[in-house]
Amino acid sequence: MLDWLLDPFSGALMQRALAEVLIVAVACGPLGVWVLLYRQSYAAESISHAMLPGLVIAALAGAPLLLGAVGGVIAAAVAIALAGRDERLGGDVGVAVAITALFGLGAVLALSPDVPARLGELLFGDLLGVTGGDLVEAAVLAGGVAVALALAHRRLALSVFDRAAAPSLGARPARWELALLALLAVCTVAAVRGLGNLLVVALILAPGAAALNVAPRLPAALALSAALATLAGVLGLLASYHWEVAAGASVALAAVALFALSLFVPSRTAPFDTQA
Amino acid sequence: MSGSPVVVEGLAGGYAAGADVLRGVSFTLEAGTITAVLGPNGGGKTTLFRAMLAELPAQRGVVRLVGRPAYVPQTDRTRLDFPVNALDVVLMGAYSRTPSWRRLARADRDAARACLDRVGLADAARRRFGALSGGQRQRVLIARALLQDSPVVLLDEPLSGVDAVSAARIDAVFDELRAERRVLLVATHDVEQARRWDRVVCLNGEQVAFGAPAEVLTTAVLRSTYGAELVVLAGGERAVAVDHHSH
Numbered sequence: 050m051l052d053w054l055l056d057p058f059s060g061a062l063m064q065r066a067l068a069e070v071l072i073v074a075v076a077c078g079p080l081g082v083w084v085l086l087y088r089q090s091y092a093a094e095s096i097s098h099a100m101l102p103g104l105v106i107a108a109l110a111g112a113p114l115l116l117g118a119v120g121g122v123i124a125a126a127v128a129i130a131l132a133g134r135d136e137r138l139g140g141d142v143g144v145a146v147a148i149t150a151l152f153g154l155g156a157v158l159a160l161s162p163d164v165p166a167r168l169g170e171l172l173f174g175d176l177l178g179v180t181g182g183d184l185v186e187a188a189v190l191a192g193g194v195a196v197a198l199a200l201a202h203r204r205l206a207l208s209v210f211d212r213a214a215a216p217s218l219g220a221r222p223a224r225w226e227l228a229l230l231a232l233l234a235v236c237t238v239a240a241v242r243g244l245g246n247l248l249v250v251a252l253i254l255a256p257g258a259a260a261l262n263v264a265p266r267l268p269a270a271l272a273l274s275a276a277l278a279t280l281a282g283v284l285g286l287l288a289s290y291h292w293e294v295a296a297g298a299s300v301a302l303a304a305v306a307l308f309a310l311s312l313f314v315p316s317r318t319a320p321f322d323t324q325a
Numbered sequence: 006m007s008g009s010p011v012v013v014e015g016l017a018g019g020y021a022a023g024a025d026v027l028r029g030v031s032f033t034l035e036a037g038t039i040t041a042v043l044g045p046n047g048g049g050k051t052t053l054f055r056a057m058l059a060e061l062p063a064q065r066g067v068v069r070l071v072g073r074p075a076y077v078p079q080t081d082r083t084r085l086d087f088p089v090n091a092l093d094v095v096l097m098g099a100y101s102r103t104p105s106w107r108r109l110a111r112a113d114r115d116a117a118r119a120c121l122d123r124v125g126l127a128d129a130a131r132r133r134f135g136a137l138s139g140g141q142r143q144r145v146l147i148a149r150a151l152l153q154d155s156p157v158v159l160l161d162e163p164l165s166g167v168d169a170v171s172a173a174r175i176d177a178v179f180d181e182l183r184a185e186r187r188v189l190l191v192a193t194h195d196v197e198q199a200r201r202w203d204r205v206v207c208l209n210g211e212q213v214a215f216g217a218p219a220e221v222l223t224t225a226v227l228r229s230t231y232g233a234e235l236v237v238l239a240g241g242e243r244a245v246a247v248d249h250h251s252h
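Quick note, the sequences are listed as chains A and B, same order. Counting from 50, one number per residue, gives the positions in the first sequence under the numbering used here. Counting from 6, one number per residue, gives the positions in the second sequence under the numbering used here.
This is chain B alone, in the form it adopts within the complex:
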C-alpha cells in the first residue's frame, strides 16, 4: 500500500483535443476527508469530475484513484418520466457487479433498502422517482452511490436547491462517509459550507488554490476564483458566491 487514495497531478483536458477547459490541477486527498470543489459555472468543476471518472475525451496528466469512483449527478439531469420507483434507482448501484443474465442478489436488495434508510427515505421506497421532491431525489441518488460502496464519491452540487430536511440529512451522511474513511469531492457554490470541510479546491479554468479551508478561503483567492460573480459581505470575512445559473 503506498500513499493516498486520490492523487491528481498536472491534470489538463477538455471535450476536444487542443481545447482545454481545465489546466494545472494537482492535489492529493487522504482517506476520510471531504473536499469542496469551488468555482464559477464553466470553471471546470464537472470537467474535473469527468476526468476523474476517465470520461473526458481529451485528457493529460495523472489521475490515480483507489477503485472505481461513484458519481452523483445533479438530479435535474435524470429522466423524471422514467418508470422506476426510488428503490429501483438505488438498486442501479448494484448493476455493475451483477451479470446481465442474473437476478440482483438478495443481499443487494436488502442493502439497497438499508441505503434508503440511511438517507431517511425508507418509507419512500415504492414511490415513483419522478414524483419525489428535488431534495428527496438527490437523497435517492446519494443512496445509490452508497450501494455502489466506492472508496471515492464525486457529488455534483448535491445541496443546490434542496429543502432543509434533505440538506441536513445529506450533511449527516457526509459525516458518516468521512468516518468510514471514504474520500468525498463535493462541487458546491456554498463557501460557508466549504469552510466546515477538510480541503478546498478552487477552479477557474485552472486550479487557483488547494488546501485547508482556513488557508485557502481568503477574499483574494475567492476573488480570483469567482471574478465578478463574487459578493463580499461586511467585514470581508464572509464571502458568498452568487449562483447565476437557473434550473
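Isolated chain A (complex conformation):
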C-alpha cells in the first residue's frame, strides 16, 4: 500500500508535478471559498477561458507561457469589462459573448496549420512537463495570492457579509470586490501552466464548494478548502500514474469527486440549529 502511494513520486518528473499541485492548491483552495461567497464563479470560468488567445500567441511566438497568460488575462478582463457594461446586451450576455469570441479566437490561432501541436497542453495543462523555473513562478504567484488573502481576510468578509454597514466597519466593498477579481486573475495565471485553461477552474471552485458544504465557520472553510485542493492534487497524480491517464484532468476530476462526497456529509448547519 505504501509502495502504491510512494513509488509514483520516486522520479523527478512526478516530484515536480507534485510540488506544482501543492503550491497551486495553497492559493486555489482558499481563493475558491471567497470566489463562491462573492458569487463570482462565472468570473472564475470567464477569466480562465478567455485568456486562451494570450496563451496561444505566446506558444506561437515561442515566448514564455507566463507572459502569454498575463497578456491573455489583461485582454480578457478588458473585454469582459467592456462587454459587461454594454447596456444593449446586459451583463451576463455581454460577458458570454466576449468569452466565446476570445476562446474561439484562441482555438482558430492554435489550429492553424503552421502551429506546433500544443493546443492540448494549453487547454488541459501539462503537469508532467513542469520545469524548475515554472515551479518558482508558481510559488511566487500562488504564495502572493495566499498571503494577500490572509491579510485581506477581514475586509473581504465585511464587504460580502454586510455591504451596507461595511464602510462604517472599515471596508469599501467595491474596492475589495475588485481586489478579489485581481487575485483570481493572478491565481489563474499561476495555475494555468499545470492545469490548463479549461481545468484550472475545477481546482479553484470544487474544493471551495465542498468546504462550504461542510465547514460551519469561515476559517475552517478556508483551511479545509486548501486541504481538499491539496488532496485532489495528490489523488489526481496517483490516479494518473497508476492508470496512465492525463495528470491535469485527473486532478480536476479528483477535486470534483471530493465535492460530490461533501454532499453526503450531514449539513453544516446541524450542530448549530439545536433550537428545537
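Think of the hints as simulated: they come from the structure by calculation, not from any bench. C-beta: ideal position from N, C-alpha, C; glycine also. Do not take every clue at face value.
Rough simulated footprint, nothing fancy, chain B against chain A, three-plus residues with beta-carbon under 8 Å [as the list claims (entries may be wrong)]: (1) 203 to 211; (2) 216 to 230; (3) 260 to 271.
Chain A is fixed; fit chain B onto it per the hints.
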C-alpha cells in the same frame, strides 16, 4: 470642546450629481438623546444615514459628527448564507481598530461576549448567524455596534418585524445608550414609539419638521410627511404610518 455631537446644516444630496433625493435637512442633536427619523419609503431616511456616514456620492451642506458613527443596517441586507456565528458577527465591530496582520485582541473578544450579553444573547454566541430569528439577528447587529463603541449610532428600522422579546431588549439597550450620553438616530415607521423619544426628524424628500415629539407629531405634520400613506385613528390624537413595503 464646542457644541453638539451631531450638527447637520443645509444638507442636500443623492446618488448622482443633480438628482437630489434629500433637501433642506438641518438639525442639531445633543449627547444622550434618541432621535426618531420618520418618513415614507423613499422619503430619504436611509439617504440621510448614508450622508452622515459620508457615503453619499453627491452631497452638499454640512455634516459634523464626533467620531465615526456606527451603522446598524436592516438584517435582511446581510448575507444569511455566510459561514459565521453570532460572536463572529459581533467581533466585526473590532475590525477597524485591528491591523490586518494581527489577531483580534483578547480584550475585544471579552468585550464582544459582554455586548452579546447586553442584548440578551450570551447563550447564542456559537449559533450560526443565518439560523437565528430576525429579531435575534437584529440584536446581534446592535451588539456589533456596541462593540464599535461609537458616540453616534445610526439604526435603520431596527424594530421592524422583530419579535416582542427582541423589541423589549432593544428598547432597554437604547435607554442604556442614552444614559451613556451617546446619540442615537433611529429610522422607524412607528409614530407611537417616536413619541417616547427625545427628538423627531420628519423627512419626505425634504425635512418637514424637527423638534421635540410633542411639538412635531401633529396630524398636520404627519400628513405632510406621509401623504396618502397616513391613517389617522379616532380622535385625531393617534396616527399610524402604514408600512407598504414588504420584505
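Checked hints:
1. 203 to 211: Since three or more residues must qualify, the claim that chain B covers the stretch 203 to 211 of chain A holds, with 7 doing so at under 8 Å.
2. 216 to 230: Check passed, 5 qualifying residues.
3. 260 to 271: Since 7 is at least three, the answer is holds.
When each numbered hint is compared with the structure, no violation occurs for any of them.
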